[in-house]
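There are 4 protein chains.
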Amino acid sequence: MIRFTNDYSEGCHPSILEAMAATNTEGNPGYSLDPHSEHAHALIRQAIGRPDADVHFLVGGTQTNTTAIAAFLRPYEAVIAASSGHICVHETGAIEASGHKCIACPAESGKLTPAAIRAACAAHTDEHMVRPRMIYVSQTTEIGTLYSLAELEALRSVCDELGLLFYLDGARLGSGLAAGDATLPDLGRLCDAFYIGGTKNGALFGEALVLLKDELKPCFRYNIKQRGGMLAKGWLLGIQFEQLFRGSRYVELAAHANEMALKLKEGIAALGYSFLCDSVTNQQFPILPDRVVEALKGDFGFEFNCKPDEAHTCIRLVTSWATPQENVDAFLKALADLS
Amino acid sequence: MIRFTNDYSEGCHPSILEAMAATNTEGNPGYSLDPHSEHAHALIRQAIGRPDADVHFLVGGTQTNTTAIAAFLRPYEAVIAASSGHICVHETGAIEASGHKCIACPAESGKLTPAAIRAACAAHTDEHMVRPRMIYVSQTTEIGTLYSLAELEALRSVCDELGLLFYLDGARLGSGLAAGDATLPDLGRLCDAFYIGGTKNGALFGEALVLLKDELKPCFRYNIKQRGGMLAKGWLLGIQFEQLFRGSRYVELAAHANEMALKLKEGIAALGYSFLCDSVTNQQFPILPDRVVEALKGDFGFEFNCKPDEAHTCIRLVTSWATPQENVDAFLKALADLS
Amino acid sequence: MIRFTNDYSEGCHPSILEAMAATNTEGNPGYSLDPHSEHAHALIRQAIGRPDADVHFLVGGTQTNTTAIAAFLRPYEAVIAASSGHICVHETGAIEASGHKCIACPAESGKLTPAAIRAACAAHTDEHMVRPRMIYVSQTTEIGTLYSLAELEALRSVCDELGLLFYLDGARLGSGLAAGDATLPDLGRLCDAFYIGGTKNGALFGEALVLLKDELKPCFRYNIKQRGGMLAKGWLLGIQFEQLFRGSRYVELAAHANEMALKLKEGIAALGYSFLCDSVTNQQFPILPDRVVEALKGDFGFEFNCKPDEAHTCIRLVTSWATPQENVDAFLKALADLS
Amino acid sequence: MIRFTNDYSEGCHPSILEAMAATNTEGNPGYSLDPHSEHAHALIRQAIGRPDADVHFLVGGTQTNTTAIAAFLRPYEAVIAASSGHICVHETGAIEASGHKCIACPAESGKLTPAAIRAACAAHTDEHMVRPRMIYVSQTTEIGTLYSLAELEALRSVCDELGLLFYLDGARLGSGLAAGDATLPDLGRLCDAFYIGGTKNGALFGEALVLLKDELKPCFRYNIKQRGGMLAKGWLLGIQFEQLFRGSRYVELAAHANEMALKLKEGIAALGYSFLCDSVTNQQFPILPDRVVEALKGDFGFEFNCKPDEAHTCIRLVTSWATPQENVDAFLKALADLS
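Chains as they are written, first to last, in the working numbering: chain A, 5 to 343; chain B, 5 to 343; chain C, 5 to 343; chain D, 5 to 343.
None of these hints come from the bench; they were simulated from the model.
A couple of the hints might just be wrong.
Since the list gives no way to pick one copy over another, a pair counts as held whenever it fits inside one copy or between any two copies.
No more than 25 Å apart at the CA atoms, straight line, and that leaves these computed lysine to any residue pairs for SDA-like [unchecked claim]:
#  : residue 1 : residue 2
1  : K221      : R137
2  : K337      : T29
3  : K311      : P110
4  : K311      : V296
5  : K337      : G53
6  : K221      : L166
7  : K337      : T317
8  : K311      : A25
9  : K269      : L220
10 : K311      : D130
11 : K301      : A126
12 : K221      : A259
13 : K221      : E131
14 : K217      : R78
15 : K217      : G167
16 : K311      : A124
17 : K311      : R122
18 : K311      : A127
19 : K269      : A108
20 : K301      : P33
21 : K337      : R250
22 : K301      : P39
23 : K301      : D130
24 : K267      : T29
25 : K301      : G31
As the structure is a computational prediction, the values presented were derived from the model and not from experiment.
If we strip away everything but chain A, and leave its shape as in the complex, we get (with noise of 0.2 Å):
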């Protein structure tokens, strides 16, 4: 079985057994107040050049996400995002569980736009309704489509003039980087938070919130504690970080997944198949005669994504630092049998 089934499939980069093996018998003091944290730390705050940010790991995206926005708003506040946006469909209802409603707006190719903000914001006026208050984006998106840094920087506009704060979800940022124009110092000068993802870039687990604005840092840690993200032994994620953020490993890592996508979809387009969207990172979706789908299935690992017309399926194929080069071509030669 070859999987393209999801980014995090495989263990981690070598460099972080590694490192977790010389540091096995080292002695941390706990819960991320050890010096390998603290030296992540400092490498990512230097690499999004914003030396005033907090930094915290946390394990997961779905408790990284919740954890900061029920910190971030107070009860009757909301938080806007697309539709498809993954609050909002796949995470069980982890945000309104912690009391708060997610305001869902039309997505252009999965994206939040700027007039589904400001739509949203006047459509609630006044106590009787929730009171939107911050905006939520994934770069990438949950169908691979990307911001561009103009794309963000409209979105800061629509927050400053609206009073909203600005978070950012990058479970998969390191395919946004590795693909598009927004680089992590433009994060953090546009963002008052967002995370950059550890699981699905080469880590074991693991991601790192960026705290920007001064009012959202204090007692920060009570909230991961509460909500039961703080790890133990916290110096795991520092390690992996620490590996990461060595030079610019976080990118390449990335790159590497964009380039092994970006082969997928020249060779389907090539074989004359069509695509749910224009993705340049590394989840591609393409729409695939059914009887062709039914035949891969046997040797290679997919999602289902949606059933554009009675004959044809959209599936969707995700590639990861660790995809070898010839799972791309076994892929490529099925689908050319099968063509």
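Chain A is already provided as a structure; the job is to place chains B, C and D on it using the hints.
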């Protein structure tokens, strides 16, 4: 100022104030454990033909909806509603504040349809998404439309098919009973729980929540107390529903409101104006030239609904048990003068 | 049956019913945005000597406490209260249901002390524990005792020292004002927020929440709505507080209740019985032989408090603005006959 | 620095890192739906003698406690625990943040007793108070004491008598199994749910939650996801528990920790010092002169527990599966030199 602003601008039916005065010093146990409340429970059980029903009195609608929905659902379960449903829009995220997602569906004339329910359930497939567990419908709806008996029966069928609870918000149930073909015994037969609105039909305040499905009944008073809905002088609720359910008063009061609304509707239509939807209940949504709306504002109270085009405004006119015929006449005369 | 069961067994002061009848058809905007509510707000601001205060009317005590505390605290913050405090015991976990821990402290005569507050704060040292952020005290307390002005000033000092908010539950504030040396202007000067109880002092229902600290004021109506506490016919609350704050009626009603309670106390003491605590307010806790308690049950209503020893029972006797002298006399005569 | 600070200062048993390296690129389905997790589930079911048990892996203890307790309780229900219980003190109000009150009871040597449970239930009599529904005990307790099999059976009896669920926090269950007479099959027979701690007994992270009572099982994975506890690379948990439950390794690792602790205990006692309590597990609480404690701080890591008197300090010494004998010897030598 003649108000068509809403159906809760006046106090209560005179019989209620008389009953309050008559019982003011009689001394009663607190928290609705008094003879008036028990009597009123019995009257309601009788009216719906379900001697096994549990009846609980609460003060207001948002409180009733939140208490019921939060009591019925497990933490990961969600409620399906029309996107125009009161809980989706006008309760300041009260349902989300209790931890639950409202799955907002496209509505047809303000109504939730079996097709929309099926689509919502089909879209929620596994533990990464909330689990749809109940439907919420308003009778009458937020735009004055009405579920027919056949429509309610169809909703019951889809609930049975999909394992969903059927909950009905009866803030304006009186108007629905007076205008439609579904009776209180029909609701007693079809719903798992519903409430009978007092606030908008002659009471000072108060809603009667009816629990029909046995598994929803145990310990329900704990939920009322925890959510701040247990009125110390609970007999005040009992007294009001004793008066509302004296003979057929509950439907008669609403029938008057409907009659006044239909006179408005006929008069407005006779002047050549159209409506947002075809309402046969106590809320009417005429579409008028902006100039006319502006001119009416001086003497009449009403709420803005929407702007269907550049030159027109849709307003909401609401009548109540207390609306005098002369107010209707005055409005129609003013409108005629402006037309 | 002569009731000393509680102070909410009767309806309301007759002036309130008269005012309701007089205004029944006048037509008012909803949700406490009406002239009666505004007038009552002004009367209360004047009575406490704080023209800058925000006043909000809610229906009941548990609702008021939960709405206020949940609005004031960040998710990881906790409220400190005496272990006998209403929020710790008799609100079905409403504060916890809003997400916050109540730190229960040992009480002295039902009162929270500066020493207990300091100990609670000293025991909560880091992010693995909740962060104490406010104190909750009841005036009068759940066992009828009273904070003196000096005690309230000491509480203010410890709050200033430790960065805590000072919140006072005034469900029985009338009784406290009539019996003690702390005035409404004192509360206006010392508290960050408090509420003035209507339900137990002459109203049908209603509590007036007073917000004094500026940071607690913004968007407060959102909290009221979200927690189901925004009464549609909000002017009913305004009308009641207009009547209660007409002249010195609020304190006079409570003074009568206290006077009746003190007559009970004196009469019971004259028969040689002792009390759980020395109460000068409208709740008295005499300790009587079990035999006597049993015999009194036939004609008098009261609540069981505790069993101080095998042969004795402590009962709670509560008087109200409506308690007639003859009820007190009847009780004392019956007790004398049994003694 | 020689650390007796806690039992989570080191990484993991070497076999775990080896297994991670060996499986790093094998490719696995996410979210614990992989063969390693399934195998580890089977090993645990076998070890507890309950083939019908549901096993779920979570990352940490607070997360496991909150997920379980919030899933088991209805909104108005509460959990009974010793006042020193982890959920009452050291989880930043996580249980309250999920909406539930912890009823804190006086503990005997850190243990919850049937008498305390009965008293807690007797004190909660009606819907104005929370409804006690489960008990929480820690094996071993927060101060290193241990429930005997007879004590656990007595707790089961009182739970049966009062209709309570029996939940056991096994963060340090290894130490308890190695030191006491209650076995895993005993827990499988007596508890409704419990968890087997990995973090403090040889794993990098991970706790195995065991659900025994059928009504607690349905849809449990929804709760894990909603509370942010579903690890994307869930097989990492499976791999770790495969290693911990290989033969009798789980108990052996803990037995070593206990042995080191008992050597500390004997050595300290031989020098004439006393202890806070008589612990036979991996946490020891010696009471030492302040001067000695100060002097030890330079070379040894440990936590402050309390000040039993002016001149003495009680410290906590914790050993782990990784504590070398030489660390114990070094501490005892240093203590002897200071004595």
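We went through each hint and held it up to the structure:
For a Cα distance limit of 25 Å, the shortest separation of K221 from R137 qualifies both inside one copy, at 17 Å, and across copies, at 17 Å. Taking the closest pair of Cα atoms, K337 and T29 come within 25 Å of each other only across two copies (23 Å); inside a single copy the shortest separation is 47 Å, beyond that limit. In the homo-oligomer, the alpha carbons of K311 and P110 lie at most 25 Å apart both inside one protomer (20 Å) and across protomers (21 Å), since each shortest distance falls under that limit. When the C-alpha separation of K311 and V296 is checked against a cutoff of 25 Å, the pair qualifies only within one copy, where the shortest distance is 14 Å, while the shortest distance between copies is 49 Å.
Neither within a single protomer nor between protomers do K337 and G53 lie at most 25 Å apart by alpha-carbon distance, with minima of 44 Å and 50 Å respectively. Within a single copy, K221 and L166 get their C-alpha atoms as close as 22 Å, and across copies as close as 21 Å, so both meet the 25 Å cut-off. For a Cα distance limit of 25 Å, the shortest separation of K337 from T317 inside one copy, 19 Å, qualifies, whereas the shortest one across copies, 61 Å, does not. Taking CA atoms no more than 25 Å apart as the test, K311 paired with A25 passes in neither setting, with 46 Å inside one copy and 39 Å between copies.
Taking the closest pair of Cα atoms, K269 and L220 never come within 25 Å of each other, the shortest separation being 41 Å inside a single copy and 46 Å across copies. For a Cα distance limit of 25 Å, the shortest separation of K311 from D130 across copies, 18 Å, qualifies, whereas the shortest one inside one copy, 40 Å, does not. Taking the closest pair of Cα atoms, K301 and A126 come within 25 Å of each other only across two copies (23 Å); inside a single copy the shortest separation is 47 Å, beyond that limit. Taking the closest pair of Cα atoms, K221 and A259 never come within 25 Å of each other, the shortest separation being 32 Å inside a single copy and 43 Å across copies.
In this assembly of identical chains, K221 and E131 lie within 25 Å of each other by CA distance solely across copies; the values are 14 Å between and 27 Å within a copy. Both within a single protomer and between protomers do K217 and R78 lie at most 25 Å apart by alpha-carbon distance, with minima of 16 Å and 17 Å respectively. Within a single copy, K217 and G167 get their C-alpha atoms as close as 13 Å, and across copies as close as 23 Å, so both meet the 25 Å cut-off. Taking the shortest alpha-carbon separations for K311 and A124, only the inter-copy value of 16 Å comes in at or below 25 Å, while the best intra-copy value is 30 Å.
Taking identical chains as interchangeable, the C-alpha atoms of K311 and R122 lie at most 25 Å apart only when they sit on different chains, with a minimum of 17 Å there against 32 Å within one chain. In the homo-oligomer, the alpha carbons of K311 and A127 lie at most 25 Å apart only across protomers (13 Å), although the nearest pairing inside one protomer, at 33 Å, exceeds that limit. Taking CA atoms no more than 25 Å apart as the test, K269 paired with A108 passes in neither setting, with 30 Å inside one copy and 35 Å between copies. Proximity of K301 and P33 under a CA criterion of 25 Å is satisfied inter-copy only: 15 Å between copies versus 47 Å inside one chain copy.
In this assembly of identical chains, K337 and R250 lie within 25 Å of each other by CA distance neither inside one copy nor across copies; the values are 36 Å within and 43 Å between. Taking identical chains as interchangeable, the C-alpha atoms of K301 and P39 lie at most 25 Å apart only when they sit on different chains, with a minimum of 20 Å there against 46 Å within one chain. Taking identical chains as interchangeable, the C-alpha atoms of K301 and D130 lie at most 25 Å apart only when they sit on different chains, with a minimum of 21 Å there against 52 Å within one chain. Proximity of K267 to T29 under the C-alpha cut-off of 25 Å is restricted to the inter-copy arrangement: shortest distance 21 Å between copies versus 43 Å within a copy.
Proximity of K301 and G31 under a CA criterion of 25 Å is satisfied inter-copy only: 16 Å between copies versus 47 Å inside one chain copy.
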